[in-house]
Amino acid sequence: AQSVTQLGSHVSVSEGALVLLRCNYSSSVPPYLFWYVQYPNQGLQLLLKYTTGATLVKGINGFEAEFKKSETSFHLTKPSAHMSDAAEYFCAVTLDTGRRALTFGSGTRLQVQP
Amino acid sequence: DVKVTQSSRYLVKRTGEKVFLECVQDMDHENMFWYRQDPGLGLRLIYFSYDVKMKEKGDIPEGYSVSREKKERFSLILESASTNQTSMYLCASLTGDHTGELFFGEGSRLTVL
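Read top to bottom, the protein sequences are chains A and B.
Reminder that position 103 of the first sequence reads as 103 in my numbering, one-by-one numbering, no gaps.
If you count the second sequence from 1, you need to add 1000 to reach my numbering.
Calculated from the structure, these hints are not laboratory results.
As the structure is a computational prediction, the values presented were derived from the model and not from experiment.
There could be a bad hint or two in this list.
Claimed, not checked - Subject to a maximum C-alpha distance of 27 Å in a straight line, what follows is the list of computed BS3-like cross-link-like pairs (lysine-lysine):
no., chain 1, residue 1, chain 2, residue 2
1, B, 1013, A, 49
2, A, 58, B, 1055
3, A, 49, A, 69
4, B, 1018, B, 1071
5, B, 1018, B, 1053
6, B, 1018, A, 49
Claimed, not checked - Some chain A residues judged to face chain B by a derived CB distance under 8 Å, without partners named:
no., residue
7, 18
8, 49
9, 53
10, 82
11, 84
12, 90
13, 102
14, 105
Just so you know, even glycine gets a beta-carbon here, dropped at the ideal spot from N, CA and C.
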C-alpha cells in the first residue's frame, strides 16, 4: 500500500523568504510523486512530478522538489516566496500510472505575509 | 489544453434528495475519477472508471454511485443526500502517457441541509 504524509497543515512565510513544504511517502517500490497546488475556489493543478531519471525536479512558478529515496521524502521548495504563492499544496503518490488513482496527502496551506 | 468541466460549481440540496454531479473531459482519456475534499483530510477517492460502463470503488464509496455511459462523461450520484455528504467534489481524468498525471475540474461544492 502507498501513503503520503505532509508535515504541517499550515505554513506561514514572509514574502521573499524560502518556502519549504514537507512530504514523506510510504511505498514498497519506487513510486511516482507529484505536487499539486489549489488556489481558492479552484481545482488542483500540477506543479511538478517525479517519474524516473533526475531526482531534482523543476516545476512551474519557480518551485522544485527533490526525490530522496533514502529519506522517503519529496519536499517542495521555492527560494523566494511571492504573495501569489498563497494556496493549498498537496503531495501525491502512485505506484501504477496506468490506471489507479493518486493517493493524496492531507494538504499544507501556505500563507505569505507581506 | 486538457479541459475537465464540472457542470455545477455550487449546489444546495435537502436531506434525502437525489443529487447528480456531472463531469466532462475533452481529451479522450480512458480513466476518470471522483474525489471528495474535506479540510484536514485531503482528497479521498470515491469511485473511478477505466472504461465506458466500467467502474471501481475507491476508498469511500458508501452513499455514492457513478455512471459512465460515454467515454467523455462521468457522473457521481448521491441517491439520498445526507448532511455528512456536504463537501467539495472534484472530478479528474488521467493522462494517457503513463506518467500518472491527473487533470482536475474546478470542483463542485455541495451543501446538504
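To see whether the hints hold, each was checked on the structure:
no., hint, verdict
1, B/1013 / A/49, "violated, 37 Å"
2, A/58 / B/1055, "violated, 35 Å"
3, A/49 / A/69, "holds, 15 Å"
4, B/1018 / B/1071, "holds, 23 Å"
5, B/1018 / B/1053, "holds, 21 Å"
6, B/1018 / A/49, "violated, 38 Å"
7, 18, "violated, 24 Å"
8, 49, "holds, 6 Å"
9, 53, "violated, 12 Å"
10, 82, "violated, 23 Å"
11, 84, "violated, 19 Å"
12, 90, "holds, 6 Å"
13, 102, "holds, 6 Å"
14, 105, "holds, 6 Å"
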